[in-house]
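Asks: Sequence:
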Amino acid sequence: MENNRSSTMHFLPLVVPAVLSSVLVTAHPGHDIKREIEELEKAHEYTRRDISHCYSKLKARGIHQQTANRRAEILKAEREKRGITAEPSLLKLRELPQILDARDAGTVLNTSHLSSVTYSPSDGYGTVFTGNQSCILVPEVTEGPYYVSGEYIRSDVRETKIQSGIDLIIDIQVIDVSTCEAVPNVYVDFWHANATGVYSGVTDASRPTNINATFGRGLQATGPEGAVQFTTFYPGHYQGRTNHIHVATHVGGTAFPNGTFLGTTVSHVGQLFFDTNLTTVLERNTPYTLNTAPVTTNTQDGIFRQEAALGDPVVEYSLLGSSITQGLFAWIAFGIDPSNSKAINAAATLTSGGGVSNGGGGGFPGGPPPNGTFPGGPRPNGTFPGGPRPTSSASSSTVVV
1 MENNRSSTMH FLPLVVPAVL SSVLVTAHPG HDIKREIEEL EKAHEYTRRD
51 ISHCYSKLKA RGIHQQTANR RAEILKAERE KRGITAEPSL LKLRELPQIL
101 DARDAGTVLN TSHLSSVTYS PSDGYGTVFT GNQSCILVPE VTEGPYYVSG
151 EYIRSDVRET KIQSGIDLII DIQVIDVSTC EAVPNVYVDF WHANATGVYS
201 GVTDASRPTN INATFGRGLQ ATGPEGAVQF TTFYPGHYQG RTNHIHVATH
251 VGGTAFPNGT FLGTTVSHVG QLFFDTNLTT VLERNTPYTL NTAPVTTNTQ
301 DGIFRQEAAL GDPVVEYSLL GSSITQGLFA WIAFGIDPSN SKAINAAATL
351 TSGGGVSNGG GGGFPGGPPP NGTFPGGPRP NGTFPGGPRP TSSASSSTVV
401 V
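Residue numbers (this note's numbering): 1 to 401.
Source of the hints: derived by calculation from the structure; they are not laboratory data.
Be aware that one or more of the hints could be misleading.
No more than 20 Å apart at the CA atoms, straight line, and that leaves these computed lysine to aspartate or glutamate pairs for EDC-like [what the hints assert, rightly or not]:
hint: 1; residue 1: 59; residue 2: 176
hint: 2; residue 1: 57; residue 2: 181
hint: 3; residue 1: 76; residue 2: 225
hint: 4; residue 1: 57; residue 2: 156
hint: 5; residue 1: 342; residue 2: 225
hint: 6; residue 1: 59; residue 2: 167
hint: 7; residue 1: 76; residue 2: 156
hint: 8; residue 1: 81; residue 2: 176
hint: 9; residue 1: 342; residue 2: 176
hint: 10; residue 1: 57; residue 2: 337
hint: 11; residue 1: 59; residue 2: 73
hint: 12; residue 1: 76; residue 2: 167
hint: 13; residue 1: 57; residue 2: 225
Could you put the whole structure together from the sequences, leaning on the hints where they help?
Replies: Rendered as structure tokens:
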């Protein structure tokens, strides 16, 4: 079994993980992972999307090379921004010796997503991307109980005054599964937990201001190449869930002058994951060491197992420098059907008065939130970076300007 992705498209056979019944545990207290997995299984009956046929078309149209060039420029710029002067040869991971070759279950788990290109000082930055696949399947999943509507259009979602962690820059490309064309002008919604497993913007009785927090959330519109980039902190795990990022694509919706976006339907909802061994090493660093929630590996995560049965939802990545603490650059592409439209359920909505719970979802029902720490500074104070809050009507699900 290969330890690295080849230059051709790589897809997994459809299998039903036998271990699911043993990992149907509660994530946040009161959040039923089993129900979410059942919803995921139902969704997969109608959304098994294969974009393997797109590889040759994308390559012939030059999109494959454009993607490699774009990612190379991002990588170079991020290294220069941080004053990282090492040669590209140092992009090969130094802190994860042999353990990256060990996987515990399944094809995805047996695939290292670390860029494994061997460099010489004369190699260009593009080398890291030209030998790797650029189009994979990210299966459809539910949005989960912590989606918040009305968030800010922004690429940097870190909010460094109140949060900390290891930098993660991620390039996401969206491909039309029917035409094999890059999809421009689609808003990619992006959200995840912080280093200690806390989601912003949802109800939390022990932290009343958390409903007003916005860290780890944002949207970006895809450009001509169907791509967006986000700068964030590597997400933490929480009870019952491995480290992951949620993504959704909005074909319709409204971008408001105050820099927020509201869309009530989506064409795709997915979750992105990371190599377990990368997470193991990364979480040896603060503030991840403050996370007291039991670790859930990819193998133990029921949502991961379901996604991995249909495709490879793990991002490819490279270090920005010679140390994992200097940050990571990751990339992934996935297919959507732009004509598809379905409702998305928001646990809360960001309004001019702050976050408003929509009831029936989100928050930490039935018990305390995971861990409960906010690394790197005080708890969110209800302020919103990047401009004024969106105005709102009497309805918590509507944003009006």
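Asks: Are the hints correct? Go through all of them and say.
Replies: Results of checking the hints against the structure:
1. 59 to 176: 15 Å, holds
2. 57 to 181: 9 Å, holds
3. 76 to 225: 19 Å, holds
4. 57 to 156: Violated - the C-alpha atoms of residue 156 and residue 57 are around 32 Å apart, more than 20 Å.
5. 342 to 225: 24 Å, violated
6. 59 to 167: 31 Å, violated
7. 76 to 156: With a Cα-Cα distance of about 18 Å, the restraint between residue 76 and residue 156 holds, given a limit of 20 Å.
8. 81 to 176: Cα-Cα ~33 Å, so violated.
9. 342 to 176: Roughly 17 Å separates the two Cα atoms, so the pair holds.
10. 57 to 337: 17 Å, holds
11. 59 to 73: Distance ~19 Å between residue 59 and residue 73 Cα, so the pair holds.
12. 76 to 167: 15 Å, holds
13. 57 to 225: Within the cut-off at roughly 14 Å; holds.
In this structure, the earlier hints numbered 4, 5, 6, 8 are contradicted, and the remaining ones agree with it.
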